[in-house]
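Peer 1: Model the full structure from these sequences, guided by the hints.
Protein chains in written order, with the working numbering: chain A, 1 to 402; chain B, 403 to 720.
Hints are computed from structural coordinates only; laboratory data are not their basis.
Treat the hints with caution; some may be incorrect.
SDA-like mimics (lysine to any residue), calculated; alpha carbons at most 25 Å apart, straight line [claimed, not checked]:
(1) LYS147/A <-> ARG570/B
(2) LYS360/A <-> TYR476/B
(3) LYS360/A <-> GLY458/B
(4) LYS147/A <-> GLY604/B
(5) LYS663/B <-> LYS684/B
(6) LYS201/A <-> LYS663/B
Chain A regions said to be covered by chain B (calculated; three or more residues, Cβ under 8 Å) [claimed, not checked]:
(7) 182–191
(8) 372–378
Where is the CB? At the ideal position from N, CA and C, for every residue including glycine.
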Amino acid sequence: MTGKKLTRRRFLRNLTVAGTCSSLYVNTLTAGHALGNPHKKYASKDNKMDMEYRTLGRTGLKVSALSFGVMRLAEPAVLFEALDMGINYFDTAHSYQRGNNEKMLGDVLKQYGREKVFIATKIPPYHKRLGMKRLNDQKSLEAKMEKSLRRLQTDYVDVLFLHNINDPDWPVHDEMLSFCQKMKKTGKARFVGISFHSAGKTYVDTVDQALKTDVYDVFLATLNYKSPKAHIDALKRARNKNVGIVAMKTQAGGYEPGARESLNPHQAALRWVLDREFVDCAIPGMVNRQQLAENSGVIGMKMGWSHRKTLAVYYDAIKERYCLRCGACTSSCKNAVDIHTIHRSLMYWEGYQDFELGRKTYRELSTAENALACMRCSTPVCRCINGIKISERMRYAHTTFI
Amino acid sequence: MHIRLLFKRRPMRLDAGLGYCIKLLVVLWILTGASVVSAAESNVEAIFTARLPVPGWKPEGEPYRYVPENLYEYINGGADYFIAYGFIALTGANYSPVSGGMDSVTVDIYDMGDKLNAFGVFQPRRDSQAPSLNIGTGSFGSDDYVAFHKDRFYVEIQTYITEKNEKRVVKDMASMVAAHLPGDDSLPHELSYFPEKSRIAGSERYIRGGILGHAFLDRGMVCEYRIEGKKVTAFVAFFPSYRDAVMAVEHHRSFLEKSEKACLPLEGFGMHSFVSEEPFHKTIIVKQAGTFVAGVYDLTSVEAGKRLLMGILRNLTP
Chain A
1 MTGKKLTRRR FLRNLTVAGT CSSLYVNTLT AGHALGNPHK KYASKDNKMD
51 MEYRTLGRTG LKVSALSFGV MRLAEPAVLF EALDMGINYF DTAHSYQRGN
101 NEKMLGDVLK QYGREKVFIA TKIPPYHKRL GMKRLNDQKS LEAKMEKSLR
151 RLQTDYVDVL FLHNINDPDW PVHDEMLSFC QKMKKTGKAR FVGISFHSAG
201 KTYVDTVDQA LKTDVYDVFL ATLNYKSPKA HIDALKRARN KNVGIVAMKT
251 QAGGYEPGAR ESLNPHQAAL RWVLDREFVD CAIPGMVNRQ QLAENSGVIG
301 MKMGWSHRKT LAVYYDAIKE RYCLRCGACT SSCKNAVDIH TIHRSLMYWE
351 GYQDFELGRK TYRELSTAEN ALACMRCSTP VCRCINGIKI SERMRYAHTT
401 FI
Chain B
403 MHIRLLFKRR PMRLDAGLGY CIKLLVVLWI LTGASVVSAA ESNVEAIFTA
453 RLPVPGWKPE GEPYRYVPEN LYEYINGGAD YFIAYGFIAL TGANYSPVSG
503 GMDSVTVDIY DMGDKLNAFG VFQPRRDSQA PSLNIGTGSF GSDDYVAFHK
553 DRFYVEIQTY ITEKNEKRVV KDMASMVAAH LPGDDSLPHE LSYFPEKSRI
603 AGSERYIRGG ILGHAFLDRG MVCEYRIEGK KVTAFVAFFP SYRDAVMAVE
653 HHRSFLEKSE KACLPLEGFG MHSFVSEEPF HKTIIVKQAG TFVAGVYDLT
703 SVEAGKRLLM GILRNLTP
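Peer 2: Okay, here's the thing in structure tokens:
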């Protein structure tokens, strides 16, 4: 059973051999040109794919619709390849890899030519962790900014974000506003913005509060095909005020459907985001060439009927497996099965593609808590208000992990 | 007759007895393993409840715990990074001075499941210039921050301290945590694949997601060497089976050939090996060995790379 399951990694492996060789061919040809003369700029106009460029709101920056979330990347060669493709907007942060992420990006852009690309970095406005409730003072924010600029080997960033705003009052805090204005005035940041991952009302309130100030030029926000309408409407309001919108977490969940169809759901999910007219660019995180090839495959496409169908199938496939952790099922089991943890075990495998972690989590449950009871249960009464077939999933977990 | 039966039955009893013994041993072994795991977990909890804080400090609320589904609530997008390295749980707590004031210390212990994962998240965050603090297996930090790894744990201690005479607290707390974390101080054994001679200290990395940016070299170690005055990089990728390792070499060869790079046999290294040009990384040599694929890149001299590769291949054990 395990061996037959098609995971994202296996799928990509197959895709690499069977389907994406042609795109890799194009990409690596340009890399080859670069190798021929290491001092030459890595991309020539002829080698660029037909990248789609959009204006990032009031900034006027012409950014590639497919941009690059650098956070987890360890290999600079992937950045060179992205530059070859015409990707020109790179997103990092002060805290990623404790600054080594900014250093890597700085090294690459120094070779490639700083002036040809846009750098976005983020400074955390709160002090360390501490429940993220204590805001930094302006002086320490400025010190962080100086450090980031040194790592990036540049005098300025194109967009500076206040990182991970999870309190709607932060964007209107005097010290935050003063810091942002000073960074713009001194030329250390051409434009400023906020990034936020929050959910529900906090998300909407954050947008509306930030819009009141008229200081922020760009919003970096979670957006995917599962985003609630309230979030989408909030971003539309921002775009109507000419705020640039950068989408992140665009391929929610990372799940692959059980049955394969001809199109890749990750691509459809990304295309869905790029088809929102209020979105200027998306920054999927990429760690290797295959992901870059996969994501670049959506450029130039329009979300057609078949893509919508793919996405619908994808959503259908995951919604029966994706536990929303509402807890409503727990009391419905007549045994003491830990449904929540077993769902989590499955998510580690199916969502994060980490079979070992899934198995380990499952095996930490006692025999009273694991799904052994489900294997013997002939009259399951457990039920999920979101439609997950709990007893089937429990049995599946047991046969998979035990 | 009775004697014959006795002789006939005895071997059966012995078999059954042996079977029971084996089953008992297996059960004991599993129980021991389980108790070790739970002991490790309880030891982590005990650090917060019984060992910390150091004198002069008090806990601020209860210890907190995060798992992969909600880690991003705590460390935002950084959560993806930890999850990719097998993150299991984070246990942490905040402390403040008994004397009052705004100062604070935050201690976060990440359970990464095994030594290699803990090493994997530690190394890229390390400042290569920063000296080791001799805490745990590896460490770096300053007056207001310390990070270290020990066994399956990665630990970060961050402070907000205004009182100069309290600056020592971050290292004191780190030493206290390191001393009481379960496990040992040894490095992951995968590091031993790489010969020590000419290796650049601190350059070792555990990569998940693609060595050289190749998804087909998804997981493995890389480190840098200085050979004949030039920096080269060596890698060992890990695979679940011999077949997977062979397939990875073929994928690599196919990728390079599509890039119009000739893949030539690597003389003296037999099947499933080649020498070619890797985009952005000069000359590369690659060889599959068992469930591993090893290689050296950024080479200007193939011969120097071959000596290093041979040294690595000698160290590879499944």
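Peer 1: Hints first: check each against the structure and report whether it holds.
Peer 2: Comparing the hints with the structure gives:
no.: 1; hint: LYS147/A <-> ARG570/B; in the structure: holds, 24 Å
no.: 2; hint: LYS360/A <-> TYR476/B; in the structure: holds, 23 Å
no.: 3; hint: LYS360/A <-> GLY458/B; in the structure: violated, 39 Å
no.: 4; hint: LYS147/A <-> GLY604/B; in the structure: holds, 22 Å
no.: 5; hint: LYS663/B <-> LYS684/B; in the structure: holds, 11 Å
no.: 6; hint: LYS201/A <-> LYS663/B; in the structure: violated, 54 Å
no.: 7; hint: 182–191; in the structure: violated (count 0)
no.: 8; hint: 372–378; in the structure: violated (count 0)
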